[in-house]
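Enquirer: Residues per chain are reported as follows:
Number of protein chains: 2
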Amino acid sequence: MNTNNKMILPSKAIICEVAPRDGFQAESEWIPTETKIDIIRQLAKTGVQSMEITSFVHPRAIPQLKDAEEVVTQVQDLEEIKFRALVPNVRGAQRAIDVGIKKLKLMLSATDSHSLSNANCLVKEAQEGFAPIIELGEKHGVKVGGSISVAFGCPYEGNVPEERIIEIVERYKKLGISEISLADTSGMANPKQVYELLGLLTNEFSDITFSMHLHNTRGMAFANAVAALQQGIVHFDSSIAGLGGCPYAPGATGNIATEDLVHGFHEMGVETGINVDQLLITAKDVQRKIGHDGGSFLLQSGPCSELHEKPNTQEKLNT
Amino acid sequence: MNTNNKMILPSKAIICEVAPRDGFQAESEWIPTETKIDIIRQLAKTGVQSMEITSFVHPRAIPQLKDAEEVVTQVQDLEEIKFRALVPNVRGAQRAIDVGIKKLKLMLSATDSHSLSNANCLVKEAQEGFAPIIELGEKHGVKVGGSISVAFGCPYEGNVPEERIIEIVERYKKLGISEISLADTSGMANPKQVYELLGLLTNEFSDITFSMHLHNTRGMAFANAVAALQQGIVHFDSSIAGLGGCPYAPGATGNIATEDLVHGFHEMGVETGINVDQLLITAKDVQRKIGHDGGSFLLQSGPCSELHEKPNTQEKLNT
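Those protein sequence lines, which keep their order, are chains D and B.
Take the first sequence: its letter number 302 is residue 302 in my numbering, and every next letter is one higher.
Take the second sequence: its letter number 95 is residue 95 in my numbering, and every next letter is one higher.
Isolated chain D, as found in the complex (with noise of 0.2 Å):
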């Protein structure tokens, strides 16, 4: 039996609010550029301070990105938000740095047939082409994170050795990478992998900052968070009302809902500086104007904090 009665987590964590690139992308129907401006602006209006804005791909590959440049110029007055993109390559973090982007983010896989559907090569041959990116990114003084697509198991492939994951950082660690994001891109991650995965990562890796991009996809989302937060991990993505689906379970819910993770972590005594009201307030519009939501629980039941009138009448029992 344990006999240690609390729960250690970090008293704060950092939000990186990624609807705007996770969650835009994976909608079938367009999404107009002042819908687009509209959802970052309120967004801005939760306290968030990171935000995964948009991604720099070409525009064959994901439509709903074309107005990348558009929409990052119309938010430029929002100087107290973090932005930061996604790049595929030099071209895209060309483009990304052109319209003021500080941040861009690698795309890479875990495994060689995610890479291969993905980025069309194996993963250590993508890697290696990350070299003039990150000189790019030192010239204009731009940094640059890595990521790790489907680093908890792969839709594939299936379980993804901790070595394999090991290797990767090593080599993103070589190129100069500081920052890596760890996604569990098809919800396949259990908390006692995340636990054990980080624990090996930040025991092994103390100068690299792990951040977590979870997806709902099994139920299992918030329990890996914690896990994350009981390894001492303060950084992780989220995505307004549960925008962004899952390529492989077609109406499965996809990135852990904004709403659901800050109000859990509040909850648990974990600050982010995000008020729940008003992310409440912005998912429902979101909702709203995109037509449904990704799978958010705060919007069909409200806060904890929330209660209800005591009833006058005896109630059906129910426990």
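One or more of the hints may lead you astray.
Subject to a maximum C-alpha distance of 27 Å in a straight line, what follows is the list of computed DSSO-like cross-link-like pairs (lysine-lysine) [stated by the list, open to error]:
no.: 1; chain 1: B; residue 1: 102; chain 2: B; residue 2: 143
no.: 2; chain 1: D; residue 1: 124; chain 2: B; residue 2: 310
no.: 3; chain 1: D; residue 1: 6; chain 2: B; residue 2: 12
These are computed hints drawn from the structure, not numbers from a lab.
For this one, chain D is given, so just place chain B on it according to the hints.
Expert: What follows is chain B alone, placed relative to chain D:
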């Protein structure tokens, strides 16, 4: 930084399927007795060993379960399943015993508001009234377990102090009760709270077996289950297809789905003896027969083991 890289969890957990009680009572449409029996028989084939089969309440209070006797009588050949039934009073207990139920569960709330609304009396009064039920059980060699609804938060009163739960457990202990189910009736628990309350309870009441009854109203049920596992708890309730809503949040998710809980536990190496494929077949059939599910993830996503064919064409970039 935490240097312990292993998450220590029990190797086995015991699941009690509660859809036949908590799920069926939450449906507004009448479920025919033969459908109930068919679902119970399918559940028996999944390998689940315990089931909360019905509630012996007054038919006017919960007409959905007015066929309690008939249901129990018609599945008495399922000798491999340990059936338990919820009973609100001596009359209900006698009805349950008369049809051969060998385990009764008492109903109690953690807060006076919830108790007044459910049982029309204060918590302490309700609990003191249990003596004749326990006596009746002893007389017939029938085990009686306790429960505490809204143990982690009350929709009327909010926060439930740990001291309140300790008092209630002490009174249960004085009554001779050695098994207590802690219910997060309206999904207000968080993993830190679960971990810390269970740490207190298991240290203070080492002779009492605690079990967890979790609702996924705010997306934290699986995380709460993991926190309970981390405290050595091995007894969990869950409901096939997630049946069972939340009367305080219409449309919100109900009990944690058995398929989600069992799948997640197996992914972490916590065995249950239940077959996930058979659970999914049953969950799909339940969804079809009842007309909806109650927030099952696995019904949408399938298990992690269900891999996808490697695509030939380049897919859209997705992290």
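Enquirer: Taking only the CA atoms, is the gap from residue 6 of chain D to residue 12 of chain B under or equal to 27 Å?
Expert: It holds: about 24 Å lies between the C-alpha atoms, which stays within 27 Å.
Enquirer: For residue 102 of chain B and residue 143 of chain B, compute the direct alpha-carbon distance and say whether it is at most 27 Å.
Expert: 6 Å, holds
Enquirer: Within 27 Å, alpha carbon to alpha carbon, are residue 124 of chain D and residue 310 of chain B?
Expert: Holds. Residue 124 of chain D to residue 310 of chain B sits at ~19 Å (cutoff 27 Å).
In this structure, none of the earlier numbered hints is contradicted; all agree with it.
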